[in-house]
Amino acid sequence: MSARRKATTQISRLAHRAGGTAAANRMVPEETPVAFSFAGTTHAVMMASPADFEDFALGFSLTEGIIADRQEIEAIEIEDHGAGIDIQISLKDQANTRFEARRRRLAGPVGCGLCGIESIEEAMRSVEAVGSSKLTLAAEDIIRSVKLLSRVQPLHAETGAVHAAGFYIHGKGIVMAREDVGRHNALDKLAGALAKAGIDGTSGAVVVTSRVSVEMVQKTAAIGAAFIIAVSAPTALAIRTAEEAGMTLVALVRGDDFDIFTHPERVVSGVAKHVA
1 MSARRKATTQ ISRLAHRAGG TAAANRMVPE ETPVAFSFAG TTHAVMMASP ADFEDFALGF
61 SLTEGIIADR QEIEAIEIED HGAGIDIQIS LKDQANTRFE ARRRRLAGPV GCGLCGIESI
121 EEAMRSVEAV GSSKLTLAAE DIIRSVKLLS RVQPLHAETG AVHAAGFYIH GKGIVMARED
181 VGRHNALDKL AGALAKAGID GTSGAVVVTS RVSVEMVQKT AAIGAAFIIA VSAPTALAIR
241 TAEEAGMTLV ALVRGDDFDI FTHPERVVSG VAKHVA
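1 is the number of the first residue of the sequence shown in the UniProt record's numbering; add one for each residue after it.
Straight-line C-alpha distance at most 27 Å; calculated BS3-like pairs for lysine-lysine:
hint: 1; residue 1: K172; residue 2: K196
hint: 2; residue 1: K172; residue 2: K134
hint: 3; residue 1: K147; residue 2: K134
hint: 4; residue 1: K147; residue 2: K196
hint: 5; residue 1: K134; residue 2: K196
hint: 6; residue 1: K6; residue 2: K196
hint: 7; residue 1: K172; residue 2: K147
What follows is a set of in silico ranges between Cβ atoms, one per label pair, in the way DEER data are often shown:
hint: 8; residue 1: A139; residue 2: R4; range: 38 to 46 Å
hint: 9; residue 1: A83; residue 2: D259; range: 40 to 48 Å
hint: 10; residue 1: A39; residue 2: G171; range: 38 to 46 Å
Calculated directly from the structure, the hints in this document are not laboratory data. Just so it is clear, the structure is predicted and the values come from calculations on it, not from any experiment. By construction, the Cβ of each residue, glycine as well, lies at the ideal position given by its N, Cα and C atoms.
The task is simple: from the sequences and hints, build the whole structure.
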């Protein structure tokens, strides 16, 4: 069963301005619990924008390492239960076997210290290495990617309250973008959309409107991109992780200004090599 929900709602509020206070309306984004269930068991619940559910399920499964490619998913069923959305994901045999082993490893008896250690290791899992990528971008590409992303954010234009993740390819611009109240969710939805469209993650750069945490680096690496470009700042762990993965992390892109935190050799002057 498919689920269709409004992504925004109009609310009334009191607007206080220099000239006084008056009643006014404003569009605000909706958010709802979205559960990912594998083999009938809930694995994770996210608060997310109620849109692009199939992209979300596919992208989450990819960036969390549950599947290696989209062909390992047998089916995706989206169920609307009123209080939230349950996405039932059926895995093919080999992927399901791997997932069951992973779940058993992380679910131990109450008070098991080892389980905590394994949960920490899961959160700090190693990222895919992208250092072999020969892709380079010019400064103009970086500036342009952020400007173009700002033009394909209808939910943000309406509400001013959601994040976006886009994929930039030189000569084509932002070829895919997704929005969500959660920055990780937006990136997962982008990963799923790219996989569905058959767009090679090594061919361009991930561009995000948020800060860069370690999870954003992990998910970008899972996509296969050697570039992450962000409007806001990165965390120290994100920088260390990007350096280790061979990823170029560019952040604080404001107008024509930006900072390069890792692998600056991919940002070139003049004509860039736009090959992966």
